[in-house]
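Following the hints, put chain B in place on chain A, whose structure we already have.
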Amino acid sequence: MKIIVFQLGDEEYGISVEEVQSIEKIQHITRVPGVKEYVKGVINLRGVITPIIDLRTRFKLQEQLNHELTRIIMVRLNDIEAGLIVDAANDVVDIDEKTIASVPETIEGIAVEYLSGVVKVDGRLIVLLNLPKVLSLEDPLQ
Amino acid sequence: MDMNQYLEVFIEESKEHLQNVNDQLMLFEKNTNDLSYVNEIFRSAHTLKGMSATMGFDDLAQLTHKMENVLDAVRNHQLDAHTEIVDVLFESVDALEIMVQSISEGGDGQLDVKLLVQKLQRIVAEEPVAQSAASFIEYDELVQTLLSQTADQGVNAFEITVQLESTCLLKAARAYMVFDVLEQAGDVIKSAPTVQDIEQEKFESSFIVILVTNESQEKLQASIMEVSEVESVKIAVVPVKKETEMEESVSQEVAAAIQEVTVSASSKSSVEEKKQPSINKTIRVNIDRLDSLMNLFEELVIDRGRLEQISKELNNSELDETVERMSRISGDLQTIILNMRMVPVETVFNRFPRMVRQLSKDLGKQIELQIVGADTELDRTVIDEIGDPLVHLLRNAVDHGIEMPQARLTKGKNETGMIRLKAYHSGNHVFIDLEDDGAGINREKVLQKALNRGIIDEKTAETLTDKQVYELIFASGFSTAEQISDVSGRGVGLDVVKNTIESLGGSVTIDSSEGYGSRFSIQLPLTLSIISALLVQMSEERYALPLSSIIETAIVQPKDIMHVHGQKVIDFRGAIIPLIDLKKLFNVPNSVQGNYYSVVIVKKGEKTAGLIVDSFIGQQEIVLKSLGHYLPAVFAISGATILGDGQVALIIDCNALIK
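Chain order of the listed sequences is A and B. Numbers 84 to 225, taken from this note's numbering, label the letters of the first sequence in order. Numbers 1400 to 2058, taken from this note's numbering, label the letters of the second sequence in order.
It is worth saying that the hints were derived from the structure and are not from the lab. Nothing here was measured: the structure is a model prediction, and the numbers come from that model. Even glycine gets a Cβ: it sits at the ideal position worked out from N, Cα and C. Wrong hints could be hidden among the right ones.
The following residues of chain B were derived to be distant from chain A, with all beta-carbon distances above 10 Å [as the list claims (entries may be wrong)]: (1) L1569; (2) A1621; (3) K1633; (4) E1697; (5) E1698; (6) G1811; (7) I1855; (8) N1986; (9) E2005; (10) K2024; (11) H2028; (12) Q2046.
Straight-line alpha carbon distances no greater than 25 Å define the calculated DSS-like cross-link-like pairs of lysine-lysine that follow [stated by the list, open to error]: (13) A/K123 x B/K1983; (14) B/K1983 x B/K1866; (15) B/K2024 x A/K108; (16) B/K2024 x A/K119; (17) B/K2024 x A/K123; (18) B/K1967 x B/K2058; (19) B/K1760 x B/K1711; (20) B/K1821 x B/K2003; (21) B/K1601 x B/K1633; (22) B/K1570 x B/K1633; (23) A/K123 x A/K143; (24) A/K119 x B/K1983; (25) B/K1866 x B/K1821; (26) A/K203 x A/K119.
So that you can see chain A by itself, here it is in the shape it has in the complex (with noise of 0.2 Å):
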């Protein structure tokens, strides 16, 4: 199984490529009034208007500014496409399924509901991404 490997503060975290639609760079986000926190906005992904969600915000860890490195993972689920803002996206690799843990109790703050496993590859630790817990529009922490 390959997945998209991207960083958030000092983590790794990793996302199914099947799940994957493109990885974008940071572009203008329309900011949507009266939507939870964690929904930065929405932007124009060539000509169709796709969510934007802020991982940092979605998983409570404190908010940073955009840099160069900053991107956007284009995530599908179903019939929902959205965004992740991530800090930086650059690696793809191969894993084992058979070597993927189940997640400990707690990470750094992060609800375990969020996170589907984690899996060691050549010394990193790869936290994996439960896209349709992210996703969801209820808040599991509220």
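Below, chain B alone, put in the same frame as chain A:
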């Protein structure tokens, strides 16, 4: 042969013919003396039969064939058109519709039509005039008149005797081929044995037909002989008296029938052309293609906006001119594309008379359905969605609205209830009103029900206005039916109607007066994709306000602002209207109030409000885009659009802002 390429055409045309049969049957039922309707129905049924036989849909062909027999008997005065016949014909149309529907959904169009066929056959069997398979042709009055009339027009009439080879195995098929040839040459007005007997191979080896044609005798002879297994063809000229020599004993009806028949004989006659004036001037276009044209055009509109912006910044007169011209042309193009997608609501309305007829019959009510403004046009996307809600409302009116005839009489009303369906344009909207003169809505009953179902509580119940009470029937889980009937109350409430209409960007309101009837008013946007909007700026953010809800813009000095219960209001042309601070409402960051207020006055129906913004950018055509599935219902935002610089601007839903 691969029939798939014709399937779409077949389905479309079948639907048209079925609709035609439906319409004409309705008309015929009202006036059973006018046989022109029957002729029209016959034509459609005949075409349907031919088409479905060619496409290999046997059940369809069989049923239409039997229908034809009945219709033929009716128009030849061998059968009196009574209600039972019309009913069976309607039933047959229903079955045909089901079959065509099944075909269009990829099915094989098979249906057990035995019972219907039997019914139809029984009707024909009651024919008073025995049509024996005689070997000679009987020239009845009708045929005589017909022949003499054609003789007046200088057209030949031939009696053709066709003898098939005795070894011929598929006699009916051969006969069919002969008829094919004959029908190309002219019109068969009579045959012995009858056509249906020939089709069922109920003949020895020869048959006689009378043909009215412009072709010469020799040519006919040659072309019939081209059909294999034909042994001989004898052609004789039918001696006929000229019409002028005929006695004047021909009854009015017969004359009318003849006129119809001759009209159908020469397909290029002027009457035909008048009936379908644009038949050669239209083409069928798949809606998908129109949609992709529309999508491409939307991209163009966005780029046009960008070009306009660039040319404004560069301030080059030649560029300005070109861009202006381009804008004008693309504006025209836009109108054309939008118009291409416009369809008259007729396509939705035309199934209603039939539906109301059936429903009122089932319920034992007498109802007249009036349709006004069926030629009002709406975007195809809206048309596709509006049918179901209307059906729902109509069923509701028939079932709950109109009372039983007896009840109506006691109330001093006309025995026959009236339902009026009216469509009309107004501004950028289409209105569809559904009015009935039935019982109206009982306020107390509705309130009681809403209380029982926990939709409202006692306290609110007392404060509600009549209109608010009526709105309750749109609440989910609400049904006014005393008992669940077959017609409505199947667990699907009017809330579905409201939801569908609102999802189209429309609204629905109710007016009712107990004892006198109710009116449902639906307001719909003309089109769903490109609208004119005013772009406004708030701090760094830009928003679009649909022009259709804007009355005007104004600059308001702080001293003109008054307060009512802590709510900012202004005096606008003598009316006190509330001010809504959009920046506060939308939590726009870094917003500061300037020395004066820029206000957009918007309306929702009768109500108005002023929206405070930072500044107006200008008017622009925008392409409506949805926010997607992830953000389905954002308060006061109805969608988004892409501006010339590629950025997204949100579209403000003024309806949500005004309570």
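Could you tell me which of the numbered hints above are not met by this structure, giving the numbers in increasing order?
4, 5, 8, 10, 11, 12, 14, 19 and 26
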